[in-house]
Structures are given as C-alpha cells and as structure tokens.
Amino acid sequence: MEAVKSIDLIGKRQVQATAANWLIKLRNLWGDHPTLVVGLFIVGVTCILALLADWIAPYDPIKLNLTQTLLPPSSLHILGTDDLGRDILTRVLFGARISLLVGVSAVALGLAMGTILGLVSGYWGSQVDNVIMRVMDALLSIPALLLAIGITAALGPGLNNVIIAISIIYVPAFARMVRGQVLSLREQEFIKAAQVVGVRTWEIIFRHLLPNALTPIIVLGSLRLASAILTEAGLSFLGIGVRPPTPSWGSMVSLGKPYMETAPWVVFTPGAAIFIIILGLSFMGEGIRDALDPRLRTQIGAR
Amino acid sequence: MATYIARRLLYVVPVVILVSILVFSLLHLAGGDPAVMMLGAEATPEDIARLHTEMGLDRPLYEQYLTWLGRVARGDLGRSIHPTRFYVSDLILQRLPVTLQLGLQAMILSLITGIPIGVMAGRKRGSRLDLLALNLSAFGISMPGFLLGLVLIFVFSLWLRWVPPSGYLPPLKDPIGNLRLMILPTVTMSAFLFAFVVRMTRSSVVEAMSQEFIITARAKGLGELLVVRRHALKVALIPVVTIVGLQLGHVLGGSVIVEYIFALPGLGKLTIDAVYARDFPVVQGTILVMSVGFVLVNLAVDLIYGYLDPRIKYN
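As they're listed, the protein sequences go chains A and B. For the first sequence, our numbering gives the first residue as 1, with consecutive numbering after it. For the second sequence, our numbering gives the first residue as 1, with consecutive numbering after it.
For reference, chain A alone in the conformation it holds in the complex (with noise of 0.2 Å):
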C-alpha cells in the first residue's frame, strides 16, 4: 500500500516535474528568441483556425445569400458579409487554409527542386554545374512576380498552377545554397572517407551529404514561406490565381475593392488577415535562424 502511494506520488512529482521544466525552456525561449515565440503563436494560432474552419465556421463560404449583401458587422455577421452576401469571417478562415497550403506547397516543391539541382551542380561539378547554375542565374533575372505571373499566364489560372508557378521562383535560392553547403563538405574528411570505401554516389548524396546541408534548408524554407504567402495573395489580386468563388485573401481583397468606400470591412478584413499572417511568418523565419544558426544570418537574405 505504502509502495503504491509512493510510487504514485513519484509519478506525480514527475508529472510536475516535466510539466515546470516545459515551462522553463519555454520561459527560455521567450526570453532568448522572443521573436520567434511570436511568430510560432501567430502561425499555430492560424492553423488551427485554417484546420477548425469547418466546425468553427458560422457559415458556407461559398453559398450565396443576396438578401444580406453588404452588411456591416453585427451580432449575426461578427466581421460583416461581402456583396454577394457571405459571411467574411467564415471566407477568411477558409482562406487560411488556401493561404498555408499554397505557400507550403510551393516553398516544399521549390525547396525539392532546388534542393534535387544544388546536390547534383555542387557534388558533379564540370560542365554540369555551370549548366545548372546558369540557368539558376537566368531564372533569378527575371523579377520574381514577373515570373510567377509569365508562368500562370502560360499555365492558366487555378491552384496547382499557382503553386508550380510560385514554387519556381524558389528554386534558385535552394540550389545555390544547397550547392554551396555540399562544396564545402565534399572535402571533407568522412565524404572522402565513404568514397574511397565504395559507397554508392547516390548513397552518399542522400545519407551523408544531404542532412548535414539541412539546417541551412530549414531555415531558408522557413523564411521563403511568408512571400510565398505574400506572391499568392498578389497573384490572387490580379485575377490569376485562385480562382472565384474559391475563398482567397487575395481574391476577397479585390473583389471588395469596388465597395470600398461604403463597405470598407469586405476589403480591410482579409487584408489584415494577411498583413498578420506574413507577419508571424518573417518574425517565425528570422526566430528560426536565429534560433538555429545565426552565421545564416549574413548568407541568407531575403528576396
């Protein structure tokens, strides 16, 4: 009995225990990086949000209602309804979700390529390496949302397309870094070591050269995530993005424009909505560099 008590009470302490050290490393963090506990509490407070959205939602962000058009916010529309009636808060929340699944698809298909083409340039070097980086060069020419907007011009408009359209913008940045990182590791001892063993190339690729280049790709991705937002809600603006009745920040922004001056609620609300999210996301990159490496600091810039 006595045995019992004990050991319960040894799992309690534990529990305690546990429970004051989580708060101490996060008193830590808050007080070493507090950008970055910003910026992780606005993005995890969005995503949340974007996931809940079907339960938490008051309304269809899709169905029209034209008999509530224009409506200041109220009790029953607490952020006011559009000119065709639907509720804002419900097409915001929804448009959270566009938001985060187009700009981390794009950074995770931009990091992948980039990723795939830096391993390549930097481990093959030759005549392989200029040819790739040289096309990263060309790419990098072109002003980033000139470029997004030629290719979802040429693809037409519509989801996927963005995503491809923005992740290609990215590509560049990751080769570069990536080729970098493996330009100065494969001179590096345990790289020769594994080549003279006979590891397979692609072995040594993807097991010995890959995770050591990864904190640099981390926190580049981490910091590409808030313009990849930012290009979506752009290209969105202009009519080529996402498209209608789709909920979109970026849409929603320019399809109130024209109501401005009476209903200014259908314009500013999901402008705000991305003035916040790319706001935790650049202070969330930044913490993350900081966090992890500050050295990146003067590699990594932003573009």
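I should point out that these hints are in silico values taken from the structure, not numbers from a laboratory. Just so it is clear, CB atoms sit at the ideal spot from N, CA and C, and this is done for glycine as well. There may be inaccurate statements among the hints.
Stretch by stretch, here's where chain A covers chain B in the computed footprint (C-beta under 8 Å, at least three residues) [claimed, not checked]:
hint: 1; segment: 141-147
hint: 2; segment: 254-260
Going by beta-carbon spacing under 8 Å, a handful of chain A positions derived as facing chain B [stated by the list, open to error]:
hint: 3; residue: Y59
hint: 4; residue: L64
hint: 5; residue: Q68
hint: 6; residue: L70
hint: 7; residue: L100
hint: 8; residue: A154
hint: 9; residue: F275
hint: 10; residue: I278
Given the coordinates of chain A, work out where chain B should sit on it, guided by the hints.
Below, chain B without anything else, positioned relative to chain A:
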C-alpha cells in the same frame, strides 16, 4: 580592373540568352497549340492559320526560337495579337516612362527616409529608437503592396479627399496633376524598399562603427557628429546605395500591382492587361525587356560598387 569588367560582361551574355530561352518557352509551357491558347476556343480556323504563319508556329521549336531571337536582337518584339496590331516595342516605349518615373521616385523616397532612420538606429543599437526602426521595417516588409495601396486610397482619397484615387496625367502636360496622382503609388512602392534600406543602413552602420578607423577618429578627439558623418557614413552608405539598385527587380515586379491599383499606364499595367487578353507577344516582350533591364542594372551596380569600394579584389 579591365579584366574584371571584361569577365563580368562575358558572364552577362549567357545569362541574357538563357533568359530569352525561358521567356520564349513561356508560350509553349502549357503544351498544346499556342495559337489556340491565345485566340481562345471560339477562334476561326483561318485566324489560327494566320497566326501560325505569322509567328512561324508550324516550324520546329529551335527554328522558331532562333527566328524570334534574331528579330528581338534587331529590336523587333513582334506585334500584339489584339485587333489594333500594335508593335510590341512601340507599346513598351510608350509605357516605359511611367514605370521609370514611379520606380525612380520610389527609390529616392525610400533612400531619403530610410537612410536617416537607419543611421540613427545603427548608432544607438538596442535603444528605443532602434526598436522603433526595426518594427517599422518589419511592418514595411509584411505589408502587401496592394493592401497598402488600398489603405492609402481609402484614407487620402476617399476619406480626406486630398488626392484623386487613381489615374494618370503626363508630367509634361500637367506637372502638378502628375505629381498629385503619383504620390500614393510612389509611397506604396517605396514601403518595402524603405524597410529594406532601414535594415541595410542599420547593420552597415553598426559594422562601420566597430571598425578601427572609427576608434582612431574618436581617439584623436573628433566630435561624435564628425566621426559619424565624415568617417562612418562614407563606408557604411556605399553598400546601401548599391544594394538598393539591386532591388530593381522588386520595383519592376511590384509595378504590376501598383500600376494595376492606381490605373497607371506603365509597363506593369501593360503586362497584366496582356495576360488578361492572352496577348503573348506582349507578355513575352515586357517580361524580356524588364528582365534584361534588371540584368544590365545589376551589372552596372556591380561595376560601380567595384569602382567605389577599393577593397574589392578583382581576381
């Protein structure tokens, strides 16, 4: 120095050629018949056939590209598929001054506001002013251009009624009217650049202030103002001014959105209107011209930077 310039020039050639290949391939990116893509499904077979012969779409791709490149090299960017059949080069020359004015004004505005704030922040790192500057620049970077533009229209045109919300007047005909209409677009365009200038200046000044020649200047009893003005700034501002030049890409990309919001007839508006009309010769022409311009400005900036900062080695 001469070999450096020569090498830098030689490096530009393949990049420009690759850019032209990328821009050319935009038309064929979607697969299918580019003529059908441009004219739409309702086009008559005769129209499609005419566009085929005009643009040489029946010939093999490399032949199309080489013909196109040959024409582009002679300044012929083709003709709009729009019934007006304007020459793309004429359209671009017509619209270029608007975008240039907008871009230059935005760059100047961001420099004259961003540099003083960046210098003050960098001199007193960690102070309240520094924090304010950092927050301001975080704000400028997170604010989407189209949102800022609409906020400015809402406040200064719809509410205070100080300036008209959108439109354009040529500066030679009506300089005052032109400026009144250009104020909001210029501010919109400069927000991101401003944030960038503040950050760059701040870190550049912080770095300069920690160098030995500053300690020497202080040790010989020079007043703080002179130390900053005569010694620190000279070194700190070179990278700032040149790196702002490199932000031209952002200005050119941003011009699409800013000119769209404020109905300015510049290159950006030309591009997006052409995208709506699926007028690919115009889309390709504007993207090509802006990209090559961007490459050449980068080149010029590099060379000027090398000239200004003798610490750069040319090997």
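Cross-check of the supplied hints:
Evaluation of the coverage hint for the segment 141-147 of chain B: fulfilled, as 7 residues show C-beta separations to chain A shorter than 8 Å, against a requirement of three. Restraint check on the segment 254-260 of chain B versus chain A: 4 residues with Cβ-Cβ distances below 8 Å, three needed, restraint holds. Interface restraint check for Y59 of chain A: the shortest CB-CB distance to chain B comes to about 24 Å, outside 8 Å, so the restraint is violated. Interface restraint check: L64 of chain A against chain B, minimum CB-CB distance 24 Å, threshold 8 Å, status violated.
Residue-level restraint check for Q68 of chain A is violated (minimum Cβ-Cβ distance to chain B is 24 Å; threshold 8 Å). About 16 Å separates the beta-carbon of L70 of chain A from the nearest beta-carbon of chain B, more than 8 Å, and the hint is not met. Below 8 Å, beta-carbon pairs count as interface contacts, and L100 of chain A has none with chain B, the closest being about 16 Å; its hint is therefore violated. At about 4 Å, the closest approach between the beta carbon of A154 of chain A and any beta carbon in chain B falls short of 8 Å, and the interface hint on this residue holds.
Interface restraint check for F275 of chain A: the shortest CB-CB distance to chain B comes to about 6 Å, inside 8 Å, so the restraint holds. A hinted interface residue such as I278 of chain A counts as satisfied when its beta carbon comes closer than 8 Å to some beta carbon of chain B; here the least separation is about 4 Å, so the hint holds.
Hints 3, 4, 5, 6 and 7, counting from the list given before, are not met by this structure.
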